[in-house]
Amino acid sequence: AQTVTQSQPEMSVQEAETVTLSCTYDTSENNYYLFWYKQPPSRQMILVIRQEAYKQQNATENRFSVNFQKAAKSFSLKISDSQLGDTAMYFCAFMNTNAGKSTFGDGTTLTVKP
Amino acid sequence: DVKVTQSSRYLVKRTGEKVFLECVQDMDHENMFWYRQDPGLGLRLIYFSYDVKMKEKGDIPEGYSVSREKKERFSLILESASTNQTSMYLCASWDRPTEAFFGQGTRLTVV
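Chains as they are written, first to last, in our numbering: chain U, 1 to 114; chain Z, 1 to 111.
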């Protein structure tokens, strides 16, 4: 069974600064997908970034990047130039390649302060 | 744009009622999921389906069942609602290897 751990229930950052959200996971599989999702107060889950486990290169989407350490089973999210609209709950998620079981972390509530 | 639509945003039901939560996706995705979201517990997988009439139990299937008669529709059924099933329910559909697309959530209150 997979587990996903987000050790930071809450974090805050000043506008325009950089923040890193932590995620570790445990699995015996070799091929899988990892995701960071954002859930703003509207409740709509939005994909932030995706990483395929077989790719060594870290994924990047504009101000969002990940540090994927497969051997350490670590998948952290870095948000650069934080904006007020980044305020949300962030979930780290694991999905196996069979599109079956998925596992989400407990979430990190991020507040961006003006 | 992929759209995943859940039939209700808010729902109040009485203990013992049979409750249906409906989810429809419009992108011909094979895989659909039902999650429950509770504060401090993240999203927990209730059931998922990888094809019509196929279903698999997730991590917390007790007290729930599902139905997938058509590819685009995945229903979550609470056979006899209880107060401990008060929660936010999220439906998602997924076409690997891309992302899972989520509905807007149904906040269910059982009184």
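Check the hints yourself; a few may be wrong.
Quick list of in silico lysine-lysine cross-link-like pairs, DSBU-like style, CA-CA up to 30 Å [as the list claims (entries may be wrong)]: (1) U:73 / Z:71; (2) Z:13 / Z:57; (3) U:73 / Z:18; (4) U:101 / Z:55; (5) U:73 / Z:53; (6) U:55 / Z:3; (7) Z:71 / U:78; (8) U:113 / Z:55; (9) Z:3 / Z:55; (10) Z:57 / U:78; (11) Z:53 / Z:71; (12) U:101 / Z:57; (13) Z:55 / Z:18; (14) Z:53 / U:70.
If you are wondering where the hints come from, they were derived from the structure by calculation, not from laboratory data.
Structure-based check of each hint:
1. Straight-line distance between C-alpha atoms of residue 73 (chain U) and residue 71 (chain Z) comes to about 35 Å, which puts the hinted pair past the 30 Å bound.
2. Proximity of residue 13 (chain Z) to residue 57 (chain Z) is assessed by CA-CA distance (about 24 Å); at most 30 Å being required, the pair is judged to hold.
3. For a cut-off of 30 Å, the pair hint linking residue 73 (chain U) to residue 18 (chain Z) is broken: about 42 Å separates their Cα positions.
4. Between residue 101 (chain U) and residue 55 (chain Z) the alpha-carbon distance is near 12 Å, which keeps this suggested pair within the 30 Å criterion.
5. A hinted pair counts as satisfied when its Cα atoms are at most 30 Å apart, and residue 73 (chain U) with residue 53 (chain Z) does not qualify at roughly 35 Å.
6. Taking the CA atoms of residue 55 (chain U) and residue 3 (chain Z), the gap is near 29 Å; set against the 30 Å cutoff, the hint holds.
7. The hinted pair formed by residue 71 (chain Z) and residue 78 (chain U) fails the criterion: a straight-line CA distance of about 37 Å is larger than 30 Å.
8. About 44 Å separates the Cα atoms of residue 113 (chain U) and residue 55 (chain Z), which puts this hinted pair outside 30 Å; it is violated.
9. Taken as a hint, the residue 3 (chain Z) and residue 55 (chain Z) pair is honoured in the structure, with Cα atoms around 21 Å apart against an allowance of 30 Å.
10. Simply put, residue 57 (chain Z) and residue 78 (chain U) have alpha-carbon atoms about 34 Å apart, too far for the 30 Å limit, and the pair is violated.
11. Distance restraint check for residue 53 (chain Z) and residue 71 (chain Z): the Cα-Cα separation of roughly 9 Å lies within the 30 Å cut-off, and the hinted pair is therefore satisfied.
12. Of the pairs offered as hints, the one joining residue 101 (chain U) and residue 57 (chain Z) holds, with about 9 Å between alpha carbons and a cut-off of 30 Å not exceeded.
13. Of the supplied pair hints, the one linking residue 55 (chain Z) and residue 18 (chain Z) holds, its CA atoms being roughly 20 Å apart against a limit of 30 Å.
14. A hinted pair counts as satisfied when its Cα atoms are at most 30 Å apart, and residue 53 (chain Z) with residue 70 (chain U) does not qualify at roughly 36 Å.
The structure is inconsistent with the numbered hints 1, 3, 5, 7, 8, 10 and 14, although it conforms to all the rest.
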